[in-house]
Amino acid sequence: MNKRLFVKGNEAVCIGAIAAGCRYYFGYPITPQNEIPEYMSRELPGLGGTFLQAESEVAAINMVLGASAAGVRVMTSSSGPGISLKAEGLSYMAGSELPAVIVNIMRCGPGLGGIDASQADYFQAVKGGGHGGYHLIVLAPDSIQELYDLSMVAFDLADQYRVPAMILGDAMIGQMKEALIPHPYQPLAELPAKDWSVTGKGNRVQGNTVKSLFLQDGALEAHNWRLHDRYQQLKDREVRCETIGIDDAELILTAFGGAARIAKTAVSMARQAGLKVGLIRPITLFPFPEQVFRQATERCRRVLCVELNNGQMVEDVRLSVDRQADVRFYGRPGGTGSLPTPEELFEQLQKHYKD
Amino acid sequence: MADSMITVFERPHSLKPVPSHFCSGCHHGTVHRLVAEALDQLELQQQTIGIASVGCSVLLYEYFDIDVVEAPHGRAPAVATGVKRVHPDSIVFTYQGDGDLAAIGTAEIIHAANRGEHLTVIFVNNTTYGMTGGQMAPTSLGGQVTTTTPYGRDLETDGNPIRMAELLALLDGTHFSARVSVDAPRRVAQAGKVIHKAFEMQKNRAGFAFVEVLAACPTNWGLSALDANERISQEMMPCFPLGTFKDLSGAQG
Amino acid sequence: MDNNKMNEDVFMAGFGGQGILLVGNLLAYAAIEAGKNASFFPAYGPEKRGGAAMCSVIVADQEIGSPVVGRPSNVLLLNQDAMAKYYPRVRPGGLCLYNSSLIDASGHQRSDICSLAIPANQIATEVGNVKLANMVMLGALLARNPLVQLESVKQALDIIIPERNKRFIPANLQALDRGFSFATA
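In order, the protein sequence lines correspond to chains A, B and C.
Heads up, the first sequence is in the working numbering, so the first residue is 5 and it goes up one at a time.
Heads up, the second sequence is in the working numbering, so the first residue is 108 and it goes up one at a time.
Heads up, the third sequence is in the working numbering, so the first residue is 29 and it goes up one at a time.
Don't take each hint at face value.
Said to hold, decoys possible - Pairs of lysine-lysine residues, derived as DSS-like cross-links and limited to a Cα-Cα distance of at most 27 Å, are as follows:
| # | chain 1 | residue 1 | chain 2 | residue 2 |
| --- | --- | --- | --- | --- |
| 1 | A | Lys-215 | B | Lys-310 |
| 2 | A | Lys-355 | A | Lys-280 |
| 3 | B | Lys-310 | B | Lys-123 |
| 4 | C | Lys-33 | A | Lys-7 |
| 5 | A | Lys-215 | A | Lys-239 |
| 6 | A | Lys-280 | C | Lys-33 |
| 7 | B | Lys-304 | B | Lys-353 |
| 8 | A | Lys-198 | A | Lys-215 |
| 9 | A | Lys-198 | A | Lys-239 |
| 10 | C | Lys-194 | C | Lys-159 |
| 11 | B | Lys-123 | B | Lys-353 |
| 12 | B | Lys-310 | A | Lys-198 |
| 13 | C | Lys-194 | C | Lys-182 |
| 14 | B | Lys-300 | B | Lys-353 |
| 15 | C | Lys-113 | A | Lys-7 |
| 16 | B | Lys-300 | B | Lys-310 |
| 17 | A | Lys-215 | A | Lys-280 |
| 18 | B | Lys-123 | A | Lys-215 |
| 19 | B | Lys-353 | B | Lys-310 |
| 20 | C | Lys-182 | A | Lys-7 |
| 21 | A | Lys-198 | B | Lys-123 |
| 22 | B | Lys-304 | B | Lys-123 |
| 23 | C | Lys-182 | C | Lys-33 |
| 24 | C | Lys-159 | C | Lys-182 |
Said to hold, decoys possible - Short derived list, chain C residues pointing at chain A, Cβ under 7 Å:
| # | residue |
| --- | --- |
| 25 | Tyr-57 |
| 26 | Phe-68 |
| 27 | Phe-69 |
| 28 | Gly-93 |
| 29 | Ser-94 |
| 30 | Pro-95 |
| 31 | Pro-198 |
| 32 | Leu-201 |
In case anyone wonders, no lab produced these hints; they're calculated from the structure.
The C-beta atom is built at its ideal place from N, Cα and C for all residues, glycine as well.
The shape of chain A in the complex, shown without the other chains:
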């Protein structure tokens, strides 16, 4: 077993990225994710890689676009306001089928908001964020270990499906420290060669073109159906979800990322108090674990969705259960002192368990 490291979440995601072969990082400072560019600026030069602090998040995501088009694993990171600026580039990357990993360590919003833990960017991450109707693969780790593991998974999925992947974290898991076992990188699958990348035409008969403009009759529609099929494949094959005690549950709590950590303790308190409470923790937010919710609510008819916002994932939970369960919501929408405690969530569980 590898020696356990004791690192911040923001560092764990970098260690995972580097283990997965990422040697290019382009970014711009914003709290609470600054440990990511700082770590990459320390480590990448010695590995023969490139760290570049861009003039803006807009420029950074376009450098990512260029590096990805050039055929390498590349990463950027930011927080809500910066992700808004990157939305344009993300849309182009989705349209151009360019893989990359984008880390969003969320802060509270809207606007400048605050730097405390929040999950205010669920919609932005899962429903597109930019224009034109596309999806990112969205992964929501809830521990330092999972930040490391999913960082590697994100690169693999992005390369396999040619869809940009976002790691959606919050200030809690970004800033906290825990033990991390740095397992060696093992690719999820045999990954396709990047024969579409630009390298200079060389001996190829035709030049490669990386683009998102399709002007000929029917070309754009065909392209969009192809992307749609890709998203459907992700839904069919790549859903990840953790469940605890849902087989006999009378009430299912659902939460992702940092909120799920707090929820786990609340669920354990409820079980000790004799309440049959289970947990569904979506790990992939896109693809969303629709079937897990559907199946679990065939028996258990009540779900409490807990988020660090005013209710975003709860919409996907409701769509998934399709009226066969009563889906309720409890959230704290961010700001200093707004992080719920396990005791607070336990109270909510007691309340929703009864009526």
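Use these hints to put chains B and C onto chain A, whose structure you have.
Relative to chain A, chains B and C alone:
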């Protein structure tokens, strides 16, 4: 006597044998050709990666027989930075219009130049947004009537025509900055030499090279091709003087 | 849940510059080196110095759930503001050590917890530097609740203290010892 004929003029190999979509009298075709000739002469076609920008020039990949990445509006220098950092031995150029480079992409071009990225930038200045239908560009002249300055560009409220070649020459990262024109045969020839030099510098790893090309947009100017050429020398050149504003090529080893 | 298994939480608060985060970090790292699971969750204001600083540390044998603690069982309070805000939140039956050099506890009395006054600034000054008050407090906590061995914490210091401050390690060790023996006495 067919066997004694020699080729005195041919299509550059870096261009595909296809008709272009450009309007009659448009200078994009001329500038494309000059870029392709430079790539041919320097034997760079196989290792060149072009970055297409948004506007009339977006269809770069329909005409150039090279690898191309399409960039979002204004972001070509950032995309080029990403590509070049991955493939430092390749030749990377951006081809951008005035709205793309001098308005929405001002930050990207200034910082790519300031970092001294080893790129060649071809900047086509025709004082208007061509593809969107002739709106005001940052390079539109004082008094110029466009679809968004129907009473003429008012320098008091609409700002002044921006001189990118001079502006970028001020940056320490810029190694070469020049303005040329393609309105007349002798100036086309001169423009070809300057563009050649800007690619040669990159081949020699000499740093950021910028060439602004004054070009016509007869369609949106509402002029014939000949009158449009006339406008370049009569109206544009007084505001956008031709010349080399910075040249550190001699300083390189 | 196996009741013999350890699951301890520590909450500490003061102002930025008192070394709250350093001590939390140190405790969690020492626990991990000792083979336990630990989480360190910091919270602080946007300013680098002078704002409120606090952190939660959980040390456990099993997987750690919430790194956030509503009613902490072990609490270190280093200034008056922290006392006013967090003393009432100590879990009944819990332990609260407060820095009596900076805290007037006369308005804060609870009979359902164990409160202990540690003149941390005074002891730290005797050791040679008032900035060592954080180590005095941690030493005192470990005397009352050995959630990690004092020796493990001492070993962890070498990793946690930044390179530029390595020369202060002997003083830190001494401050830990002084706090430990004060609370043992």
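Item to check | Hint check, failures only | outcome: 11, 15, 17, 31, 32
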